[in-house]
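Quick note: the sequence shown, position 73, residue 137 per our numbering, numbers continuous.
No lab work stands behind these hints, which were simulated from the structure alone.
Watch out, some of these pointers could steer you wrong.
Using C-beta positions, here's what the derived DEER-type ranges look like [as the list claims (entries may be wrong)]:
(1) 157 to 97: 17 to 23 Å
(2) 98 to 159: 32 to 38 Å
(3) 172 to 135: 15 to 21 Å
(4) 139 to 87: 26 to 32 Å
(5) 142 to 83: 25 to 31 Å
(6) 161 to 137: 14 to 20 Å
(7) 122 to 184: 15 to 21 Å
(8) 87 to 153: 19 to 25 Å
(9) 135 to 159: 16 to 22 Å
(10) 151 to 94: 18 to 24 Å
(11) 152 to 86: 14 to 20 Å
(12) 172 to 86: 29 to 35 Å
(13) 140 to 163: 14 to 20 Å
(14) 121 to 87: 26 to 32 Å
Nothing here was measured: the structure is a model prediction, and the numbers come from that model.
Virtual Cβ for every residue (Gly too), placed ideally from N, Cα, C.
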Amino acid sequence: MGWGGSPSDPLYGGGLHLTLFVPIGCELSSERSSYTFQMPEEWQCEQQLALRTICLGAQARDEFHVLELVPNEEGAAVPLATLKPSVLPMVTLVGVELTPPVTFRLRAGSGPVYISGQHCFRAAPHQPHRHCFRAAPPSPIGTALGLPPTSPIGTALGPSPPSPIGTALGGY
65 MGWGGSPSDP
75 LYGGGLHLTL
85 FVPIGCELSS
95 ERSSYTFQMP
105 EEWQCEQQLA
115 LRTICLGAQA
125 RDEFHVLELV
135 PNEEGAAVPL
145 ATLKPSVLPM
155 VTLVGVELTP
165 PVTFRLRAGS
175 GPVYISGQHC
185 FRAAPHQPHR
195 HCFRAAPPSP
205 IGTALGLPPT
215 SPIGTALGPS
225 PPSPIGTALG
235 GY
């Protein structure tokens with residue numbers, strides 16, 4: 065699945081569509097060595113998880129910390145980054161776009177290892193069966209942007225349930 069689209073894709077050249085980018089992140093350590101980024105089943109829209117940065121926390125021991133991507137199907141895990149505070153404490157990723165659900169695992173090291181990126185999702189608001197968002201009262205952000213209360217963007221920015229990643233980061 066790519067963002068370029070194809071003529072057979074209902075979102076390609078089909079007029080209005082809504083693309084949102086939401087920052088995400090999680091922490092892996094010896095206490096929590098894996099994390100799965102999943103989407104609610106009712107979200108029936110095109111989605112990608114674009115990874116941006118993987119870095120070690122200040123408390124990380126001077127040892128190798130290996131982060132791997134675990135496939136959902138049968139198969140071997142794929143190493144994504146090997147970090148060490150005295151050598152390479154951070155990596156910036158470009159073009160690493162994954163389709164949820166995605167599982168990250170700290171294979172070696174005690175962490176903390178921080179993963180950050182963007183949850184990108186795109187939907188055609190005029191196609192209700194592909195619409196990601198539930199009806200919500202207009203948000204203060206949508207109102208501040210001058211969007212009408214029925215705007216898909218105003219609705220998308222409305223109140224939402226806490227995300228699992230936000231909960232993992234202490235409510236952000």
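Comparing the hints with the structure gives:
{"no.": "1", "hint": "157 to 97: 17 to 23 Å", "verdict": "holds (20 Å)"}
{"no.": "2", "hint": "98 to 159: 32 to 38 Å", "verdict": "violated (24 Å)"}
{"no.": "3", "hint": "172 to 135: 15 to 21 Å", "verdict": "holds (19 Å)"}
{"no.": "4", "hint": "139 to 87: 26 to 32 Å", "verdict": "holds (29 Å)"}
{"no.": "5", "hint": "142 to 83: 25 to 31 Å", "verdict": "holds (27 Å)"}
{"no.": "6", "hint": "161 to 137: 14 to 20 Å", "verdict": "holds (18 Å)"}
{"no.": "7", "hint": "122 to 184: 15 to 21 Å", "verdict": "violated (30 Å)"}
{"no.": "8", "hint": "87 to 153: 19 to 25 Å", "verdict": "holds (21 Å)"}
{"no.": "9", "hint": "135 to 159: 16 to 22 Å", "verdict": "holds (19 Å)"}
{"no.": "10", "hint": "151 to 94: 18 to 24 Å", "verdict": "holds (20 Å)"}
{"no.": "11", "hint": "152 to 86: 14 to 20 Å", "verdict": "violated (28 Å)"}
{"no.": "12", "hint": "172 to 86: 29 to 35 Å", "verdict": "holds (30 Å)"}
{"no.": "13", "hint": "140 to 163: 14 to 20 Å", "verdict": "holds (19 Å)"}
{"no.": "14", "hint": "121 to 87: 26 to 32 Å", "verdict": "violated (18 Å)"}
Checked against the numbered hints listed earlier, the structure breaks hints 2, 7, 11, 14; every other hint is satisfied.
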